[in-house]
Amino acid sequence: MKSENDHDTREQRDLFIPALIVFSILYLAQTGFVGFFLIDWQHLNSLVFFFGFEIIFIGIAYDITESIFSLFSQPRKTPSLTLIEEYPRVALLMTICDDSNPSRWKTLFQEYPYYDVFILDDSSDPGEKSLIDQSGYTVIRRPEKQAFKAGNLNHWLTKYGDLYKYFVVLDSDSLIPSDFVKRMVLFAEHPANEKIAIFQSCIYPVDAKTIFSKVLGSMAQLRFYIIDRFANRTGLVLSWGHNQMIRMCAIQHVNGYCESITPEDTGLSLALSQIGYSTRLVNIISFDTDPSNIFSFTRRITRWAGQTAEVFSLPWNGASLRLKLLLCYHLYTYTIHNIYLSLLIYTAWGFDSRGMSPITLIEFINSNMQVLWVWTLVLVELSLLWLFQFLLRIYLGYRSGISIKNFLNHMLLATALHSFTGLSINISILKGLSGRKMNFSPTNQKGITLAKQPLYFAKDVVFWLFISGIVLSGMSLRNTLLFFGLNGLWILFWTVSPITLLVFHRDQLA
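Okay, so the sequence shown: first residue is 1 according to the numbering used here, each after it adds one.
A couple of the hints might just be wrong.
[Unchecked claim] Derived PhoX-like pairs: lysine-lysine, alpha-carbon spacing no greater than 25 Å straight-line:
| hint | residue 1 | residue 2 |
| --- | --- | --- |
| 1 | Lys-165 | Lys-77 |
| 2 | Lys-405 | Lys-214 |
| 3 | Lys-77 | Lys-195 |
| 4 | Lys-77 | Lys-106 |
| 5 | Lys-209 | Lys-106 |
| 6 | Lys-159 | Lys-129 |
| 7 | Lys-324 | Lys-145 |
| 8 | Lys-182 | Lys-165 |
| 9 | Lys-324 | Lys-209 |
| 10 | Lys-431 | Lys-405 |
| 11 | Lys-165 | Lys-106 |
| 12 | Lys-214 | Lys-77 |
| 13 | Lys-159 | Lys-145 |
| 14 | Lys-165 | Lys-214 |
| 15 | Lys-437 | Lys-324 |
| 16 | Lys-437 | Lys-145 |
[Said to hold, decoys possible] Here are the in silico distance ranges between beta carbons for each label pair:
| hint | residue 1 | residue 2 | range |
| --- | --- | --- | --- |
| 17 | Gly-435 | Leu-341 | 43 to 51 Å |
| 18 | Gln-252 | Phe-493 | 43 to 51 Å |
| 19 | Thr-138 | Glu-111 | 17 to 25 Å |
| 20 | Glu-259 | Leu-377 | 48 to 56 Å |
| 21 | Thr-138 | Ala-208 | 30 to 38 Å |
| 22 | Arg-89 | Phe-16 | 33 to 41 Å |
| 23 | Ser-130 | Gly-435 | 54 to 62 Å |
| 24 | Arg-89 | Ser-130 | 48 to 56 Å |
| 25 | Trp-41 | Leu-430 | 15 to 23 Å |
| 26 | Ala-208 | Thr-82 | 40 to 48 Å |
| 27 | Ile-25 | Pro-191 | 53 to 61 Å |
| 28 | Arg-89 | Phe-390 | 48 to 56 Å |
| 29 | Ser-473 | Ile-25 | 34 to 42 Å |
| 30 | Thr-82 | Gly-318 | 34 to 42 Å |
Rather than coming from a laboratory, the hints here were simulated on the basis of the structure.
Here a beta-carbon is modelled for each residue, glycine too, at the ideal position from N, C-alpha and C.
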């Protein structure tokens, strides 16, 4: 058994506490600055904006902390062996539910002596079952389909778990290199990694056939650049549910996957953290597919949002504090758009600037500077902060190999997606918090094209029209000055979202 040489100790240092300190300093500095200059207990407007900004500052402080650490820290280098004397048995599990992808089956061959491939099939369609039976691999079906993917995996664990030391979880669209298992085992067998239960590969999008999916996946390099230097160094990594290898003794210690919620991956991460195990992103690249259109994306993002909310029904006693904070932040990111929209509507209708042009406004500010300089200072500071945040991301994108064109294209698409999916995300979160399980439907469902999408998504369009109407009518009838400045730019991106989405779907409209 041979090991790689020792890594620089600075690269192995846990950065959670330093990151928490930097986040706290940024957040408290913003709170103190805006609280000192903005809040006036005698005016409702200042109170509304102060508490709204307090919530928004959480995301800004986290984003800047993440960017700063990604800028100055090195990637986490998990130690691995270079050679092992005795290869442990490994199982490859591909989970399928009416979304088989035969082109992936031939890629399951591994340059490893002791491995077996199982297809865990939950399909209902007879044609799918017949096709899967011709795969050449061992197909496992369960008599009763309960608990979605968690139940499917637990069924296999009960029957075969004792035969293997590790198992790899793959989705139907997963693509792994031929040395995937061997390299994963070299990580898992290193003595320094004995408390790592889940070895997560870096999943890049592949087979992007539409403009939408190409733009959506164009930030993968930046994403892993940041995760490797921040999340991996601070222990803020959850299981992603696929393209990963799991230590069998660890999952058996927690009695398998939690079946009371649909996000089996997050539930497993929490359960494992309660007994001292962690998840680690390792430098092994694998692939899957991104949503091909807005409707597939909406299915995925609403499922993720609802599943995040579901996790809050679990008992978190003994779970890692950092994972608890991370899950709270995930829920925050799914709901923060409501604060932005609320403040925007309040600004549009709560202030009356009729008859005042930008030039008149400047003259008014100059003549009343003793009163208005505080608000002006706060707005300037916030604008500079957001600009700094934006430029930091562009620079990190540049360092990770992302062109400015791709960065801006992705930003436009992301803005349009946020405007379109807001209502569906809210509904999904409310369902999750109320105890209802999410529908575990495939992201890129077979036979569904852009022209055949269900009317279910019409509510998202109606919601966008409703919110846009409220904001634009308030701007036109009350606060015309919102048409100018950074707010006006963001509102412009919001209102042209349908056009933006059409542009990124232009190859699918025929």
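Taking the hints in turn, this is what the structure says about them:
Between Lys-165 and Lys-77, the direct Cα distance comes to roughly 24 Å. Compliance with the 25 Å bound is thereby established for this hinted pair. Between Lys-405 and Lys-214, the direct Cα distance comes to roughly 13 Å. Compliance with the 25 Å bound is thereby established for this hinted pair. Taken as a hint, the Lys-77 and Lys-195 pair is honoured in the structure, with Cα atoms around 16 Å apart against an allowance of 25 Å. The hinted pair formed by Lys-77 and Lys-106 fails the criterion: a straight-line CA distance of about 31 Å is larger than 25 Å.
Taken as a hint, the Lys-209 and Lys-106 pair is honoured in the structure, with Cα atoms around 21 Å apart against an allowance of 25 Å. At most 25 Å may separate the alpha-carbon atoms for a hinted pair to count; Lys-159 and Lys-129 meet this at roughly 21 Å. For the proposed pair Lys-324 and Lys-145, the alpha carbon gap of about 30 Å is over 25 Å, so the pair is violated. With a C-alpha separation of about 13 Å, the suggested pair Lys-182 and Lys-165 falls inside the 25 Å cut-off, and the hint holds.
Only pairs whose Cα atoms come within 25 Å are accepted, and Lys-324 paired with Lys-209 is rejected, the gap being roughly 37 Å. With a CA separation close to 38 Å, the supplied pair Lys-431 and Lys-405 exceeds the 25 Å bound. For the proposed pair Lys-165 and Lys-106, the alpha carbon gap of about 24 Å is at most 25 Å, so the pair holds. Among the hinted pairs, Lys-214 with Lys-77 is inconsistent with the structure: their alpha-carbon atoms are about 30 Å apart, more than 25 Å.
At most 25 Å may separate the alpha-carbon atoms for a hinted pair to count; Lys-159 and Lys-145 meet this at roughly 16 Å. Pair hint Lys-165 plus Lys-214 does not hold up; C-alpha atoms about 38 Å apart against a cutoff of 25 Å. In summary, the hint linking Lys-437 to Lys-324 is supported, as the alpha carbons are separated by about 20 Å, within the 25 Å threshold. Of the pairs offered as hints, the one joining Lys-437 and Lys-145 holds, with about 15 Å between alpha carbons and a cut-off of 25 Å not exceeded.
As the Cβ distance of Gly-435 to Leu-341 is approximately 27 Å, the hint placing it in 43 to 51 Å is violated. One distance hint, 43 to 51 Å for the beta-carbon pair Gln-252 and Phe-493, holds here, with the actual separation near 50 Å. For the hinted restraint 17 to 25 Å between Thr-138 and Glu-111, the CB-CB distance of approximately 20 Å keeps it satisfied. Remark: the range hint 48 to 56 Å for Glu-259 to Leu-377 is upheld by a beta-carbon distance near 54 Å.
For the pair Thr-138 and Ala-208, the supplied restraint of 30 to 38 Å holds, since their beta-carbon distance comes to about 31 Å. Look at Arg-89 against Phe-16: about 35 Å separates their beta carbons, and that is inside 33 to 41 Å. Evaluation of the 54 to 62 Å hint for Ser-130 and Gly-435 yields a failure: the beta carbon distance comes to about 37 Å. In this structure, Arg-89 and Ser-130 break the distance hint of 48 to 56 Å, their C-beta atoms being roughly 30 Å apart.
The hinted window of 15 to 23 Å between Trp-41 and Leu-430 is violated, with their beta carbons roughly 33 Å apart. Separated by about 35 Å at the C-beta atoms, Ala-208 and Thr-82 break the suggested range of 40 to 48 Å. At about 37 Å, the CB distance of Ile-25 to Pro-191 disagrees with the hint of 53 to 61 Å. The hinted window of 48 to 56 Å between Arg-89 and Phe-390 holds, with their beta carbons roughly 50 Å apart.
A C-beta distance of roughly 41 Å is found between Ser-473 and Ile-25, which places it inside the suggested range of 34 to 42 Å. Checked against the given bound of 34 to 42 Å, the beta carbons of Thr-82 and Gly-318, roughly 36 Å apart, stay inside it.
Hints 4, 7, 9, 10, 12, 14, 17, 23, 24, 25, 26 and 27 from the earlier list are contradicted by this structure; the remaining hints agree with it.
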